[in-house]
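Just so you know, the protein sequences line up as chains A and B, in that order.
According to the working numbering, the first sequence is numbered sequentially starting from 14.
According to the working numbering, the second sequence is numbered sequentially starting from 14.
Please note that a few of the clues may not be correct.
Said to hold, decoys possible - Only some residues are given here: those of chain B computed to face chain A with a beta carbon under 7 Å:
| no. | residue |
| --- | --- |
| 1 | Gly90 |
| 2 | Pro92 |
| 3 | Tyr213 |
| 4 | Gly232 |
| 5 | Asn236 |
| 6 | Asn252 |
| 7 | Val291 |
| 8 | Ala292 |
| 9 | Thr311 |
| 10 | Gly316 |
| 11 | Ile317 |
| 12 | Val329 |
| 13 | Ser339 |
| 14 | Lys365 |
| 15 | Ser412 |
Hints listed in this document are in silico derivations from the structure and should not be mistaken for laboratory results.
Backbone N, C-alpha and C fix where the C-beta goes; we use that ideal spot for every residue, glycine too.
Number of protein chains: 2
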Amino acid sequence: MQDVISYIKDNQQNYIEELKDFLRIPSISTLPENKDDINRCANFVADKLRNAGMSRVEVIQTEGHPLVYSEWLGAPGKPTVLVYGHYDVQPVDPIELWENQPFDPVVKDGKIFARGATDDKGQMYMHIKSIEAFFKTEGSLPLNVKFIIEGEEEIGSESLESFINNNTDLLKCDTVLVSDTALYDEGIPTLTYGLRGLSYLEVEVTGPNRDLHSGTFGGGVGNPVNILAGMIAKLHDKNGKITIPHFYDDVLKLTKKERDNFKSLKFSDKKFAKELGVAALEGESGFTTLERLWARPTLDCNGIIGGFTGKGAKTVIASKASAKVSMRLVPNQDPKKISKLFTKYFKSLAPKSVKVQVTDLHGALPALTPLDNPATVAASVAMEKAFDKKIVYMREGGSVPIVTVFSKKLKAPVVLMGLGLNTENLHSPNEHFNLTHFQLGIMSSAYFIKEFSTK
Amino acid sequence: MQDVISYIKDNQQNYIEELKDFLRIPSISTLPENKDDINRCANFVADKLRNAGMSRVEVIQTEGHPLVYSEWLGAPGKPTVLVYGHYDVQPVDPIELWENQPFDPVVKDGKIFARGATDDKGQMYMHIKSIEAFFKTEGSLPLNVKFIIEGEEEIGSESLESFINNNTDLLKCDTVLVSDTALYDEGIPTLTYGLRGLSYLEVEVTGPNRDLHSGTFGGGVGNPVNILAGMIAKLHDKNGKITIPHFYDDVLKLTKKERDNFKSLKFSDKKFAKELGVAALEGESGFTTLERLWARPTLDCNGIIGGFTGKGAKTVIASKASAKVSMRLVPNQDPKKISKLFTKYFKSLAPKSVKVQVTDLHGALPALTPLDNPATVAASVAMEKAFDKKIVYMREGGSVPIVTVFSKKLKAPVVLMGLGLNTENLHSPNEHFNLTHFQLGIMSSAYFIKEFSTK
Numbered sequence: 014m015q016d017v018i019s020y021i022k023d024n025q026q027n028y029i030e031e032l033k034d035f036l037r038i039p040s041i042s043t044l045p046e047n048k049d050d051i052n053r054c055a056n057f058v059a060d061k062l063r064n065a066g067m068s069r070v071e072v073i074q075t076e077g078h079p080l081v082y083s084e085w086l087g088a089p090g091k092p093t094v095l096v097y098g099h100y101d102v103q104p105v106d107p108i109e110l111w112e113n114q115p116f117d118p119v120v121k122d123g124k125i126f127a128r129g130a131t132d133d134k135g136q137m138y139m140h141i142k143s144i145e146a147f148f149k150t151e152g153s154l155p156l157n158v159k160f161i162i163e164g165e166e167e168i169g170s171e172s173l174e175s176f177i178n179n180n181t182d183l184l185k186c187d188t189v190l191v192s193d194t195a196l197y198d199e200g201i202p203t204l205t206y207g208l209r210g211l212s213y214l215e216v217e218v219t220g221p222n223r224d225l226h227s228g229t230f231g232g233g234v235g236n237p238v239n240i241l242a243g244m245i246a247k248l249h250d251k252n253g254k255i256t257i258p259h260f261y262d263d264v265l266k267l268t269k270k271e272r273d274n275f276k277s278l279k280f281s282d283k284k285f286a287k288e289l290g291v292a293a294l295e296g297e298s299g300f301t302t303l304e305r306l307w308a309r310p311t312l313d314c315n316g317i318i319g320g321f322t323g324k325g326a327k328t329v330i331a332s333k334a335s336a337k338v339s340m341r342l343v344p345n346q347d348p349k350k351i352s353k354l355f356t357k358y359f360k361s362l363a364p365k366s367v368k369v370q371v372t373d374l375h376g377a378l379p380a381l382t383p384l385d386n387p388a389t390v391a392a393s394v395a396m397e398k399a400f401d402k403k404i405v406y407m408r409e410g411g412s413v414p415i416v417t418v419f420s421k422k423l424k425a426p427v428v429l430m431g432l433g434l435n436t437e438n439l440h441s442p443n444e445h446f447n448l449t450h451f452q453l454g455i456m457s458s459a460y461f462i463k464e465f466s467t468k
Numbered sequence: 014m015q016d017v018i019s020y021i022k023d024n025q026q027n028y029i030e031e032l033k034d035f036l037r038i039p040s041i042s043t044l045p046e047n048k049d050d051i052n053r054c055a056n057f058v059a060d061k062l063r064n065a066g067m068s069r070v071e072v073i074q075t076e077g078h079p080l081v082y083s084e085w086l087g088a089p090g091k092p093t094v095l096v097y098g099h100y101d102v103q104p105v106d107p108i109e110l111w112e113n114q115p116f117d118p119v120v121k122d123g124k125i126f127a128r129g130a131t132d133d134k135g136q137m138y139m140h141i142k143s144i145e146a147f148f149k150t151e152g153s154l155p156l157n158v159k160f161i162i163e164g165e166e167e168i169g170s171e172s173l174e175s176f177i178n179n180n181t182d183l184l185k186c187d188t189v190l191v192s193d194t195a196l197y198d199e200g201i202p203t204l205t206y207g208l209r210g211l212s213y214l215e216v217e218v219t220g221p222n223r224d225l226h227s228g229t230f231g232g233g234v235g236n237p238v239n240i241l242a243g244m245i246a247k248l249h250d251k252n253g254k255i256t257i258p259h260f261y262d263d264v265l266k267l268t269k270k271e272r273d274n275f276k277s278l279k280f281s282d283k284k285f286a287k288e289l290g291v292a293a294l295e296g297e298s299g300f301t302t303l304e305r306l307w308a309r310p311t312l313d314c315n316g317i318i319g320g321f322t323g324k325g326a327k328t329v330i331a332s333k334a335s336a337k338v339s340m341r342l343v344p345n346q347d348p349k350k351i352s353k354l355f356t357k358y359f360k361s362l363a364p365k366s367v368k369v370q371v372t373d374l375h376g377a378l379p380a381l382t383p384l385d386n387p388a389t390v391a392a393s394v395a396m397e398k399a400f401d402k403k404i405v406y407m408r409e410g411g412s413v414p415i416v417t418v419f420s421k422k423l424k425a426p427v428v429l430m431g432l433g434l435n436t437e438n439l440h441s442p443n444e445h446f447n448l449t450h451f452q453l454g455i456m457s458s459a460y461f462i463k464e465f466s467t468k
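All chains, full assembly: derive it from the sequences and hints.
This is how it looks when you write it as structure tokens:
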């Protein structure tokens, strides 16, 4: 193992140069004009896997963007790790806020700046380099490895989801290793073991059959904007609890150990509030901020609109008003069930003077990987060795919908070995990736392969 | 008088064609891009007054949109009537709901469809045509007439208000005649003796210093859209009463006679609800619908906006959300006092997690004219003659802010001889004006000139 780690350390500069080549390909999945770049990027990944020593590498065409599948199954009897990542990136707008060209990577202060640096090219590439280090030094891997790398993560992973559904045997594995999340803080080895799910709906409240003059009609007819506001207000009680009946029925309570773990992170509410520019935080009573962000379900209006919204004054009672409402879900809440509960309750809040329409836009299951499963234990040991620091366990407030598909379909625990930072401007101008974390990530990946091979 | 009335009846078709020309000018006062149209419209009105036979006609520039002043003072010793109206109109959005282009008038089923048809071009134009009928048939008027026509009614009448304050001698009169309100119902001669006032504000609630990902941050930070909704909800109690402390302190109670008058109108809640397309009406408990509409103060959100309002889903917590809130006021509430009470109370509803800004956009005093004054009596007789039906007395839920300024500054009673209908979609798509009422209005105006000349 000493040789593998030394090899990784010795090759750091090469890795950065290779990563730059990877980052130069503008593989924006949502823009049709980047279709060729997407294909070029899939081939780039395939070439790198081939050069690293993988025995089988395929670029698989789909109805959307190509998948890259690869495997090395030269360790019969040993466990199999499936590495997942994505080579597609977000658009670059607003381009004028970038300090360098987004596809012309620049290294500054130990960070590499480019679109996709942290999300997810830099993180995904760590695993290609770790297996290469084994092949170059030991000639083989201590376990079996598969890769499935997609080009549609930023646009919904549709092709991958259907590929997983149709290829559970091909993708069969003992754990799925993903690096597409964040460290708790700079230099802190972190494993994310939970993700929140999502239930996203649109509601529309319709009153009178046309917009009305608020002088002539005001007082005599229900106002859809006021009524919608009132209905939204009723979705929380004064303690910040969501009032939908049975909403919390399936919520898995935090264990004492989890709460202690979170507490040990010494999260500063004050610093958090200051960074957000608010005088006070707000949330469900009885829980700390980290508990609220990571392990408690929420209900947020993501948008609202109704009536006159231009400059100045218009004395109108709008015929209708609408809002986007999403709920972040936690294990074991089910988005379909929650959407139904929301719809029924929301409709029940409406006075007779309005009609209500609720549309379920989309959902995602929450995910939780037990901390005591062998893959998580191996990942913990691996990251502690690489960082030479004690691991911390966190959950993440956002959703990575494909994670749940992997764990459900392949019945394998997912290890979220994220090496990014939430401050690295993913989806924003000046995205970057900390190059120290890049190296530590390659080492963590290598240690993991070693550790998990004996499980 | 027979000649005047015959002339009016004979010229109905010409009046409609002239009105069409008037309605073709998109004199939207709130939009800077319509500034030229506004000027064109003022000149159109001036030309029509000149052609009608008025001796002095002036387009007066102001800091805002021009006023049109006109006079004919050829009846010394006789009373003077000041006719007020406005040539500006509301914006046309939502444009897609119009069945014809809003500035391309269409006559259908005895109605003329265009923005401004009933509010107020059609109604104001009646008086120009009635004095023209006198000049064309009798060569003179039986009393003195002044016109003051403005282009800022829909945006607060600021220029006119300061003009009145500085020109009380020029505008001196025995009564102010205004047609900018509605008949109680189709074909029912109606005088409106009370108007509600207005207090119109904009509120903005700001939370975090930037839009946030609702997955990563949801649950940990106050959401300005939810908070704004909650604050709006708190402005009414469950009986539909406004909760602002001292809000009702100055409200003049309805007399027994007024409540009886209103009852005698046999207003049908069922018909009203059906016409509006709602399953139920809604309002302050303890009052009938007419009392709520005419003589009780209200609070309505005229618009609300915040966060993502496009198609589909975006998981965002908006940095800010805002709403337009207006209150209709009744005698003797004062808009300045009410705006202050609102601002203080609204700010008190905000949790610490947000900042609140309240902007007072504009206000209007409520108005009440005694029923036994000579101008009202003359107007009653005039309308009964034109319609050949008994007059009814009503109040109006809307505001004509300038009415109070007239009555206060000129110390003259205001006659509200409205010929519109509340079902004519003023401020909404497909605004229209009943052409039978248009003709009856010209006749009512002529009879009034005759009746009032002997007072």
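Outcome of the hint check:
1. Gly90: 39 Å, violated
2. Pro92: Not OK, violated: proline 92 (chain B) not within 7 Å of chain A, min 30 Å.
3. Tyr213: 5 Å, holds
4. Gly232: 4 Å, holds
5. Asn236: 5 Å, holds
6. Asn252: Given a least distance of 13 Å, the restraint on asparagine 252 (chain B) is violated.
7. Val291: With Cβ-Cβ at 5 Å, under 7 Å, it holds.
8. Ala292: Alanine 292 (chain B) check passes; min Cβ-Cβ to chain A is 5 Å, inside 7 Å.
9. Thr311: Nearest chain A Cβ about 4 Å off; hint holds.
10. Gly316: 4 Å, holds
11. Ile317: 5 Å, holds
12. Val329: 5 Å, holds
13. Ser339: 6 Å, holds
14. Lys365: 4 Å, holds
15. Ser412: With a minimum Cβ separation of about 5 Å from chain A (threshold 7 Å), the hint on serine 412 (chain B) holds.
When the structure is compared with the earlier hints, violations turn up for hints 1, 2, 6 and for no others.
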